[in-house]
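Student: The chain contents come next:
Number of protein chains: 2
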Amino acid sequence: MAIDFIDDSAGLSDVPGFRVGAAGCDIRNKKLDRLDLTLIVADQPCNAAGVFTTNDVKAAPVRYSQNILLLSQGKIRGVVANSGNANACTSVQGDADAQLMAEISAQAVGAPTEAFLVCSTGRIGELLPMTKVAQGISTASKNLSNKATEGRRAAESILTSDTRPKTATASFVWQGKKVTVAGFAKGAGMIEPNMATMLAFVATDADVNAAYLKKSLLSATQQSFNCVSVDGDMSTNDTVILMASGVSKVVVDEKADVDLQKLFQLAVDKICFALAEKIVGDGEKITKVVSVEIQGARTREDAEKIARAIGNSLLVKSSWFGEDPNWGRLADAAGYARTGLDEAKLDIHYNDVPAVIKGVPIPENKPKWKEVVKARQFKVRINLNLGSAQFRLLASDLTDGYVNYNKSE
Amino acid sequence: MAIDFIDDSAGLSDVPGFRVGAAGCDIRNKKLDRLDLTLIVADQPCNAAGVFTTNDVKAAPVRYSQNILLLSQGKIRGVVANSGNANACTSVQGDADAQLMAEISAQAVGAPTEAFLVCSTGRIGELLPMTKVAQGISTASKNLSNKATEGRRAAESILTSDTRPKTATASFVWQGKKVTVAGFAKGAGMIEPNMATMLAFVATDADVNAAYLKKSLLSATQQSFNCVSVDGDMSTNDTVILMASGVSKVVVDEKADVDLQKLFQLAVDKICFALAEKIVGDGEKITKVVSVEIQGARTREDAEKIARAIGNSLLVKSSWFGEDPNWGRLADAAGYARTGLDEAKLDIHYNDVPAVIKGVPIPENKPKWKEVVKARQFKVRINLNLGSAQFRLLASDLTDGYVNYNKSE
Chain A
1 MAIDFIDDSA
11 GLSDVPGFRV
21 GAAGCDIRNK
31 KLDRLDLTLI
41 VADQPCNAAG
51 VFTTNDVKAA
61 PVRYSQNILL
71 LSQGKIRGVV
81 ANSGNANACT
91 SVQGDADAQL
101 MAEISAQAVG
111 APTEAFLVCS
121 TGRIGELLPM
131 TKVAQGISTA
141 SKNLSNKATE
151 GRRAAESILT
161 SDTRPKTATA
171 SFVWQGKKVT
181 VAGFAKGAGM
191 IEPNMATMLA
201 FVATDADVNA
211 AYLKKSLLSA
221 TQQSFNCVSV
231 DGDMSTNDTV
241 ILMASGVSKV
251 VVDEKADVDL
261 QKLFQLAVDK
271 ICFALAEKIV
281 GDGEKITKVV
291 SVEIQGARTR
301 EDAEKIARAI
311 GNSLLVKSSW
321 FGEDPNWGRL
331 ADAAGYARTG
341 LDEAKLDIHY
351 NDVPAVIKGV
361 PIPENKPKWK
371 EVVKARQFKV
381 RINLNLGSAQ
391 FRLLASDLTD
401 GYVNYNKSE
Chain B
1 MAIDFIDDSA
11 GLSDVPGFRV
21 GAAGCDIRNK
31 KLDRLDLTLI
41 VADQPCNAAG
51 VFTTNDVKAA
61 PVRYSQNILL
71 LSQGKIRGVV
81 ANSGNANACT
91 SVQGDADAQL
101 MAEISAQAVG
111 APTEAFLVCS
121 TGRIGELLPM
131 TKVAQGISTA
141 SKNLSNKATE
151 GRRAAESILT
161 SDTRPKTATA
171 SFVWQGKKVT
181 VAGFAKGAGM
191 IEPNMATMLA
201 FVATDADVNA
211 AYLKKSLLSA
221 TQQSFNCVSV
231 DGDMSTNDTV
241 ILMASGVSKV
251 VVDEKADVDL
261 QKLFQLAVDK
271 ICFALAEKIV
281 GDGEKITKVV
291 SVEIQGARTR
301 EDAEKIARAI
311 GNSLLVKSSW
321 FGEDPNWGRL
331 ADAAGYARTG
341 LDEAKLDIHY
351 NDVPAVIKGV
361 PIPENKPKWK
371 EVVKARQFKV
381 RINLNLGSAQ
391 FRLLASDLTD
401 GYVNYNKSE
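Listed in order, the protein sequences are those of chains A and B.
Residue numbering for the first sequence follows this note's numbering, starting at 1 and increasing by one per position.
Residue numbering for the second sequence follows this note's numbering, starting at 1 and increasing by one per position.
If you are wondering where the hints come from, they were derived from the structure by calculation, not from laboratory data.
None of the hints are false.
No more than 35 Å apart at the CA atoms, straight line, and that leaves these computed lysine-lysine pairs for DSBU-like:
#1 B:LYS345 to A:LYS214
#2 A:LYS379 to B:LYS305
#3 B:LYS305 to A:LYS345
#4 A:LYS214 to B:LYS305
#5 A:LYS270 to A:LYS214
#6 B:LYS368 to A:LYS30
Values in this document were obtained by computation on a predicted structure and should not be read as measured data.
This is chain A alone, in the form it adopts within the complex (with noise of 0.2 Å):
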């Protein structure tokens, strides 16, 4: 049961049956030489899932997308994704755009237009350059390649405020045959919850039918994308997609050997959670990466809240920001989380260090917790004693950087 995984991989070229190509065509209207546009082509009609926002302001590709797939019944030839503009709250004349980068995109490979899909992100609430945007996926389509070097491009070409790509893959050999599952994304702010402001394009040569994989990312989703927060700002664009070309000849689904099932989907969850841990560690001027870790819990969503509620709490990410733990703060967000939560029956720990037991402080401790507040990442994990359920959040810190950088568009 081994997988082999590849951090800082070449992305999607790595998956047999897939090629990319990327282009820079100035969306940001900056004269920048920037990639800014992406095509993901399967060399045949290809199966797909998605994920996306569930914010009642969706992004016009958002809904172009969903629709496409509900259409389709998950048959697609391709994706087309930009940067530099969301394409969000452009009213109809957005989803008209969405639908033209189909078009262009399915006419550029020859394919039907609704077998693509269309992703965006970036700035909401202006018009796409269509011109530009045009151009780009023309450039785009003659790019296309299964080599390495296009799929570092693609990677980057997603990319708005993250400081560098975000790649993955893993593969595993089952009866002599090699499965492969990579992917990118592109994350930075407006993180939180339910995959805010971040693509992920996730693919794999499996042969898997629409339906099983739309159950297999809502799985991974709920255990990598689902639990990271930056800001708690969840945004209209959000979108993960799952595409499986079948070329590896190796067959999963309900019925196949429940060994193959269970490496499959510990590959896409590798890959999920991954691309996720990456997401948060570039987030926008941020320098700690924290594992909020919420046990014993009488149930998950109670877990939840207030790992959330801590994650977010702008007085809990200013003191990791400044290295000063305050357990005050941790324990104050976790009670307006208002699950009912005993204080008396309290632990709170800093990596393996107690600084509450029981209710109790534990001041002599306090040098020790500082020490392990001063690495980039660490722990804060808390006991509630009351049940057996727990949730995980992958957060960071909040910095002068994020405000600085965030005040202006």
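Using the hints, position chain B against chain A.
Tutor: Frame of chain A, contents of chain B only:
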């Protein structure tokens, strides 16, 4: 129906039947020459009502005071309050210390222990320096007076990271008799929802029973302290107390003249709103006070959810700080409140300048709304056009100063 209003008044000393006394007893252990304790004492037993934090983690003085109000059926002699230490997350010793504060205070004025309420604000998780506190209470009791100077000192003594005292006085004349309602408060950080890290003491010389006071206070709180947000953090210590000495001999109860009841409520509302406004305006290192007004919602709850999502969004708050109004971030935050809004019906205004009408952006107005947000105070008005319910939240921006201020304790 005229109400006289004095801003930045002497606070509680304006109310016949009450005396206050402040003291500095170095609770912070920093050898600062700083007031940090206050006594509020009624000349005779008075009626009182309180509203407290709904945090699961309640500070010892909150639990203590809630209990006292219950046992005494709202008949008390006074309140002892300190800043610099919240006596929160202090386990059983904290409970004992809160009770001891009441005991010492009661003894100092010759009242029974159960006649005193206790309030604390400041650092969480450390035990109160009780020797100092006892000394402070002794000094404060000697300072008890109805002079304006002592009222101002009392207002100063409860401050934490506030930059200035917060007081207000309202009065009206009923059938030749003057009725006064006055108060003082502290706020600064951790403000929201439901009165976070804030203490407010309001008193009147009207003759009002405890049940009526409770009703009146709840109503005023809903429209004031519960409608402000600085950072979305809710504290363990929030308390608002309303006391009535009755010395004006004007009886306000359910059987009183309707006009008198209205006048009294208006005065209480005015004081609570004035204090709440001062709290937001003095939020930690803020530069903007923004009135987030959500209209046309199906229910008040929906409107409130959207107002809070906007008022607590790091991206929105950062953009206010930068005076770079990004209505896209407003729409995004409104959407993730997930009330089922319809983007195509959305109107967004900065003061009276439309930015979006029925979901369609009006970019040509951008220069105008860029002007609006240069002011220290402005309105963001969103009409959902789905119903007639509304909610108004007074919120602040998020600054690099806030982060740097809170990064260490």
